[in-house]
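S.K.: Spelled out from the first residue to the last, the chains are:
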Amino acid sequence: MTFLSTIKAAALSAAMIVSVALPSAHADEQYFPLQSYRVGPYAAGGTGFFGGFIDYLNLINIRDGGVNGVKLTWDECETQYEVERGVECYERQKSHAGAAAWNPLSVGIAYAMIDRITADKVPLITVNHGRTDSTDGRVFPYVFPLLLNPYSETSGIVNYIASKEGGIDKLNGKKIVVLYHGSPYGKETIPIYELLAQKYGFTVQQIEVPHPGNEQQSQWLTIRRAKPDFVVLRGWGVMNPVALKTAVKVGYPVDHIVGNVWSNSEEDVIPAGDAAKGYTAITTQASGNSYPVVQEIVKTVYGTGKGNLEDKSRIGSVYHNLGIVNGILNVEAIRVAQEKFGHRTLTGDEVRWGFEHLKLDPAKVEALGAKDLFHSINVSWDNHEGEGYVTFQQWDGKKWNVVSDWIAPDWALLRPMIEKSAEAYSKEKGIKLRTADDANAVTTN
Amino acid sequence: MAAIAADFSTAPVLPKWIAPVLLLAVAYGVVPLIGSSYLFEAILLPFLALGLAGVGLNILTGYAGQVSLGSAAFMAAGAFAAYNFNLRVEGLPLIGSIFLAGIVAAAIGIVFGLPSLRLKGFYLAVSTLAAQFFVQWALTKFSWFSNNSASGVIDAPKLSIGGLALDGAVGRYLFALTIVSILTFLAYRLVSSQTGRNFIAIRDNETAARIIGIPVLKTKLLAFAISSFIIGVAGVIWAFAYLRTVEPDGFDLDRSFQILFIIIIGGLASIRGAFFGAALIVVFPLGLSRLSGFLLGDVFDSGVLDMSQRIVLGALIILFLILEPDGLVALWDRIRRRLLFAWQST
Chain W
1 MTFLSTIKAA ALSAAMIVSV ALPSAHADEQ YFPLQSYRVG PYAAGGTGFF GGFIDYLNLI
61 NIRDGGVNGV KLTWDECETQ YEVERGVECY ERQKSHAGAA AWNPLSVGIA YAMIDRITAD
121 KVPLITVNHG RTDSTDGRVF PYVFPLLLNP YSETSGIVNY IASKEGGIDK LNGKKIVVLY
181 HGSPYGKETI PIYELLAQKY GFTVQQIEVP HPGNEQQSQW LTIRRAKPDF VVLRGWGVMN
241 PVALKTAVKV GYPVDHIVGN VWSNSEEDVI PAGDAAKGYT AITTQASGNS YPVVQEIVKT
301 VYGTGKGNLE DKSRIGSVYH NLGIVNGILN VEAIRVAQEK FGHRTLTGDE VRWGFEHLKL
361 DPAKVEALGA KDLFHSINVS WDNHEGEGYV TFQQWDGKKW NVVSDWIAPD WALLRPMIEK
421 SAEAYSKEKG IKLRTADDAN AVTTN
Chain V
1001 MAAIAADFST APVLPKWIAP VLLLAVAYGV VPLIGSSYLF EAILLPFLAL GLAGVGLNIL
1061 TGYAGQVSLG SAAFMAAGAF AAYNFNLRVE GLPLIGSIFL AGIVAAAIGI VFGLPSLRLK
1121 GFYLAVSTLA AQFFVQWALT KFSWFSNNSA SGVIDAPKLS IGGLALDGAV GRYLFALTIV
1181 SILTFLAYRL VSSQTGRNFI AIRDNETAAR IIGIPVLKTK LLAFAISSFI IGVAGVIWAF
1241 AYLRTVEPDG FDLDRSFQIL FIIIIGGLAS IRGAFFGAAL IVVFPLGLSR LSGFLLGDVF
1301 DSGVLDMSQR IVLGALIILF LILEPDGLVA LWDRIRRRLL FAWQST
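As they're listed, the protein sequences go chains W and V.
Under my numbering, residues 1 to 445 are what the first sequence spells out, in order.
Under my numbering, residues 1001 to 1346 are what the second sequence spells out, in order.
Keep in mind that the hints were calculated from the coordinates and are not lab data.
There could be a bad hint or two in this list.
Calculated cross-link-like contacts (lysine-lysine; reagent style DSBU-like; alpha-carbon spacing at most 35 Å) [what the hints assert, rightly or not]:
| hint | chain 1 | residue 1 | chain 2 | residue 2 |
| --- | --- | --- | --- | --- |
| 1 | V | Lys-1158 | W | Lys-94 |
| 2 | V | Lys-1158 | W | Lys-429 |
| 3 | W | Lys-371 | W | Lys-170 |
| 4 | W | Lys-429 | W | Lys-94 |
| 5 | W | Lys-306 | W | Lys-359 |
| 6 | V | Lys-1158 | W | Lys-427 |
| 7 | W | Lys-170 | V | Lys-1141 |
| 8 | W | Lys-398 | W | Lys-277 |
In isolation and in its complexed conformation, chain W is listed as follows (with noise of 0.2 Å):
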């Protein structure tokens, strides 16, 4: 009768499982699901990123009491970076009440989820990544792609190697490679090097590296054939230690590859040792834990014990940093949306809106603690991007510095591109494109 035993043992467990039965927010909780992980090749963005969102969270919910007196509160499931677990993390936690945003931190979830967030009406929040054209805000009300999304990336790559070669018009003749993670984030930007590179008039060669990157040997041997000006690392995880080691073993040379906003991690840079010293890379948020705002997090969040990162070294980390910032800008959107539709818990349509009119300018980000942390954001009803800048930092064997001003991406060369990528997607959809007075209506219930 093992068997038996057996069955019982599982029709209990099963009981269990269907009575789980999630509380149901109290009138005064604001709700994250995220979407996070923890295990997997990309680890270590992730418990970066996805610690400091929360330590922020904890910082508002202990030192402020919650945002105007409304208890921020989330939970996490695993999804390892994979599509089919996010979806299954996406279902299982939007019966959720008070679901503020989502915020997956991969692209390849991002695109699985905009038809049912649009559906169920709740923000998706890519920072720094996501699907570019779903910065117009007229075919995607629902996404936003926070701070720098990846053609403005791109631009601010391309003007950082022309501000090094002399200027824009020393690209002409220039070769520079792209050496790219083979998944949708590093795949998003191949038309735009390639417009930018006919603009300019340099070639651009782009390769792929197989996910998750740990062997790139045959890639390093094309480019040193190639000879290349510069080499743009758009890479993530584990690939990236592995480029710079391998570039050094090859014999290029480091100073002249430039990373991506996903290749400019501390976790990008220690495990390849010396051969990333002198390695730049891009950046909307900087490093370091001198900010006040993190600063109050060691004191107030890591003080009390309720910090979320295991390792305290990697407090003020890039990723961590970034996790921060994503903090600031999540809870900043309640705040805004709040003002307008009373301090409460706020449906996912309400929060949209908030977004929609989160401007932070430099003054502002100084009250919240985090001048220099990053610069400024200003979205709008079509514009989900919200004008973020950028800036370099080099690695120089200990910690990054920063090596030039805040950049401004050339906006108005991309959102033409931008919008045309957009509306073809709204036709193969049959989407109508939404007008500001759209914007203005809410669902509030």
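Once you have looked at the hints, place chain V on chain W.
M.R.: Here is chain V on its own, set in the frame of chain W:
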């Protein structure tokens, strides 16, 4: 033992079709009324897609004895073919695209089945790896397949049959259920036909099969074609009904292994086994993760929980296979027989 045999003979023998018909009645009549969107989106849709893929692989591996590690490639071929037929052929109904997608997957299956004429066992498994890598490479390399989409991710078209929109969770579930039921029924008929017996003959002893006049070459390729057809259609369900977005990376080697494990755990050479295996592989980890999240979510972070679930799942699979090497389907039959016997003797 005689007494037991006698008991079995007097047991009321239900016609074979009763159980499947009851199951379908519940699946069509009851589940759509009481199910939540989580049940459809996160459990039933992946279960149906992987179950069907398991049926396809079971025809090839379980019945015809040809080991394949290219299942995910055939799923990808089906998904991308259906997307392109739907996009590029004006006026072709969705069902037509899906059927043609199955044909494309079958054609690719035949090509990569050719080595089976010379290779056996592990060697064949390794050669089907070529399909796995080639298809994924081609889909990534030529952006035509994804309609030049910047990121290589394609959006599934809206599902509708004869003007009837099936975009909701229930609609997509019924769509998947219908296709899976039809193909499973056909597969069931196939394996009990002469062709199915030819498959088994080749699996059990190829030389003997040749001697009694079974065309080995034709039969093997037929097994590859039918199996790939079914797996290709399973890929369409995975992409169109379940995820509603497709990227080549979603069909990597891990997925091929997953399907192979489904049929090994569920039971080789059993149509039902594929669904038992899919249930274990899809539903069990979710249940485990929800249970552990509920019990221990406040104590450990999600990473630790996920790691421990893997350990538990791995241990359970080993346990299952030791208890019942013939798979869950044999376990199920044994339990049913005992219950029937217990009910008889009271």
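S.K.: If a hint holds in the structure, say so; if it does not, say that too.
M.R.: Hints, verified against the model:
1. V:Lys-1158 x W:Lys-94: holds (22 Å)
2. V:Lys-1158 x W:Lys-429: holds (8 Å)
3. W:Lys-371 x W:Lys-170: Between Lys-371 of chain W and Lys-170 of chain W the Cα gap is close to 34 Å, so the pair holds against 35 Å.
4. W:Lys-429 x W:Lys-94: Holds, at roughly 24 Å.
5. W:Lys-306 x W:Lys-359: With a Cα-Cα distance of about 30 Å, the restraint between Lys-306 of chain W and Lys-359 of chain W holds, given a limit of 35 Å.
6. V:Lys-1158 x W:Lys-427: Holds, because 13 Å separates the two Cα atoms, which is no more than 35 Å.
7. W:Lys-170 x V:Lys-1141: Distance of about 32 Å is within 35 Å: holds.
8. W:Lys-398 x W:Lys-277: Status holds; Cα separation ~9 Å.
Of the numbered hints listed earlier, not one is contradicted by the structure.
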